[in-house]
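Engineer: The hints should help you fit chain B onto chain A, whose structure is shown.
Taken in order, these protein sequences are the chains called A and B.
According to the numbering used here, the first sequence holds residues 71 to 338 in order.
According to the numbering used here, the second sequence holds residues 24 to 317 in order.
Not one of these hints is a red herring.
Rough simulated footprint, nothing fancy, chain A against chain B, three-plus residues with beta-carbon under 8 Å:
no.: 1; segment: 208–214
no.: 2; segment: 217–226
Here are some chain A residues the structure puts well away from chain B; computed CB gaps all over 12 Å:
no.: 3; residue: 116
no.: 4; residue: 265
no.: 5; residue: 266
Because the hints were derived from the structure by calculation, they are not lab data.
Yeah, the Cβ is synthetic: ideal placement off N, Cα and C, and Gly gets one too.
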Amino acid sequence: MTLQSAQQLAAPYSSESKGLLVHLDHVDKIYPNGTVAVQNANLRAGEGEFLCFVGPSGCGKSTIFNMITGLTSHTAGELAVLGTTPREARKQNEIAFVFQEHTLLPWANLLENVTLPLKLRGVPQSVRKEEGERVLELVGLKEHMKVLPRQLSGGMKMRVSIARALISRPKLLLMDEPFGALDEITRQTLQDELLSIWQREKKMTVLFITHNVFEAVFLSTKVVVMTPRPGKIAQMIDIPVPFPRGEDFRTTPEFSDYVRAVSGALNH
Amino acid sequence: MNKSYAGNVTDHAYSEARPAQPKKMVNKSVPGKGKQLASQIIPPLVVLLLFVGGWEFIGRLIGIAPYLLPKPSDIFLAARDNIGNLMVSVGTTVMEAVIGFAVSVVLGISLAILLALSKMVERSVYPYAIILQTIPIVAIAPIIVIWFGAGLNAIVIISFLISFFPILSNTLIGLNSTEQNMKNLFYLYNATKFQTIMKLRIPAALPYIVAGLKISCSLSVVGAIVGEYIAGIGGGKGGLGYAITIAASRLQTPYLFACGLSAAILGVLFFLLVNQASKWLLSSWHESAMNHSN
Numbered sequence: 071m072t073l074q075s076a077q078q079l080a081a082p083y084s085s086e087s088k089g090l091l092v093h094l095d096h097v098d099k100i101y102p103n104g105t106v107a108v109q110n111a112n113l114r115a116g117e118g119e120f121l122c123f124v125g126p127s128g129c130g131k132s133t134i135f136n137m138i139t140g141l142t143s144h145t146a147g148e149l150a151v152l153g154t155t156p157r158e159a160r161k162q163n164e165i166a167f168v169f170q171e172h173t174l175l176p177w178a179n180l181l182e183n184v185t186l187p188l189k190l191r192g193v194p195q196s197v198r199k200e201e202g203e204r205v206l207e208l209v210g211l212k213e214h215m216k217v218l219p220r221q222l223s224g225g226m227k228m229r230v231s232i233a234r235a236l237i238s239r240p241k242l243l244l245m246d247e248p249f250g251a252l253d254e255i256t257r258q259t260l261q262d263e264l265l266s267i268w269q270r271e272k273k274m275t276v277l278f279i280t281h282n283v284f285e286a287v288f289l290s291t292k293v294v295v296m297t298p299r300p301g302k303i304a305q306m307i308d309i310p311v312p313f314p315r316g317e318d319f320r321t322t323p324e325f326s327d328y329v330r331a332v333s334g335a336l337n338h
Numbered sequence: 024m025n026k027s028y029a030g031n032v033t034d035h036a037y038s039e040a041r042p043a044q045p046k047k048m049v050n051k052s053v054p055g056k057g058k059q060l061a062s063q064i065i066p067p068l069v070v071l072l073l074f075v076g077g078w079e080f081i082g083r084l085i086g087i088a089p090y091l092l093p094k095p096s097d098i099f100l101a102a103r104d105n106i107g108n109l110m111v112s113v114g115t116t117v118m119e120a121v122i123g124f125a126v127s128v129v130l131g132i133s134l135a136i137l138l139a140l141s142k143m144v145e146r147s148v149y150p151y152a153i154i155l156q157t158i159p160i161v162a163i164a165p166i167i168v169i170w171f172g173a174g175l176n177a178i179v180i181i182s183f184l185i186s187f188f189p190i191l192s193n194t195l196i197g198l199n200s201t202e203q204n205m206k207n208l209f210y211l212y213n214a215t216k217f218q219t220i221m222k223l224r225i226p227a228a229l230p231y232i233v234a235g236l237k238i239s240c241s242l243s244v245v246g247a248i249v250g251e252y253i254a255g256i257g258g259g260k261g262g263l264g265y266a267i268t269i270a271a272s273r274l275q276t277p278y279l280f281a282c283g284l285s286a287a288i289l290g291v292l293f294f295l296l297v298n299q300a301s302k303w304l305l306s307s308w309h310e311s312a313m314n315h316s317n
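Bound-form chain A, shown alone (with noise of 0.2 Å):
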């Protein structure tokens, strides 16, 4: 274990902290070959809420991600997951993660995958199925739960990798481009569907990263709007229009104008 993780195990949060499921203060990344992935990121992200980060590539949101998970760690400031550091808060089992890739494995069925996450834990059999059969109909895939993933669609296995997600009940879902590799209008569907699966679960937060400024308006509670050279965090929008949002919202001058205020943050 290092010096720094020793620190962060031994120094409580403070109390700012408590309440929130994500808070960023002051936080940077550093390569050690000098490049500035992040600078100065300051985040909180409380309960219930969808943020979206939105930017090009090369703007450190998914460095910021990768931070949240802890597959990398952060060189200068606090960062707090569930009010711990990100590998404590990880062994509570409240984070759920989707990748743009749906990260199935091609030799188990649906059911054995959307369960990976109990089985690795040692949850019971019986308990998994129940757990697994839940969130397959959730996404709408029940009957297809001895299908192998080979035999979906790509939209379909992205439906699967959220049921993947969803299995812990998470108080924090992670979200890397999920929806990047999809057709548009799979992806409408996919939002639509996401949305209705997060206001059922009420205080499931979202951490949600995209290149598409469309989604990110209509998804979130708060859009993040990052920019490169070096990544930071330039602004931050609130969405505050009431759920649920039909295919309406996407045609209203309400939903334009919060698409132009995000564009011109990031064109900023």
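Structural biologist: The following block gives chain B in isolation, referenced to the frame of chain A:
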């Protein structure tokens, strides 16, 4: 046959076809299958018949001595007259090759897993595995005979040494080529190293392991025959390699040919067997889910 199989694997592994599609294709190809098979088998069969017939004809025409170049009929007669000995030799060689191959599979795969678990171990041990592979077996064989005595032990070890490396290197490549995304997924869900290797890296490496098995199975037959050649003992139980040395020293050329042909047939049969087993193994790699999901 081999080629069509390779095509199958890619289809299974990477196609994004919907459930209905492959079924339809299978149905479509069923009526033409017999025809296709015939068109695959008949041309080489014709060549074989022409070759054997021509050989027999020219042999009779010129009247060349059987100990120099036996005619196909001489070979057949030699095999028929010595069928008892030939069968014993084939049986002995099969046993040695199977044991050598089995030891290769067990040790090759286990060592590859050990190497894959630790980069440190891999870096320190793998170079010696390569060196072991590059030393000509003919150079090591006498030492093996000195250490283990002539006979079954030495022959099995020689067969093992020849067939071991392809399994080791293929398995290791397979274990090391797990997708980074998948490894991240297991890491983020707090999988232990043991869970990651058992539930992700080994199943993901299966196509590579199977490729190694296919190379090694023919090599194990070659290894057994080379072993018998150097370390074979008689006593009525010598393998094909031993029978070949004896036949050669007695100028029983027709029987020598019969032994050589038997060895070739043996190698092909062994390959087809492992090929079939691999097919089954890989289909369960994809379909495993169907059985134990309950």
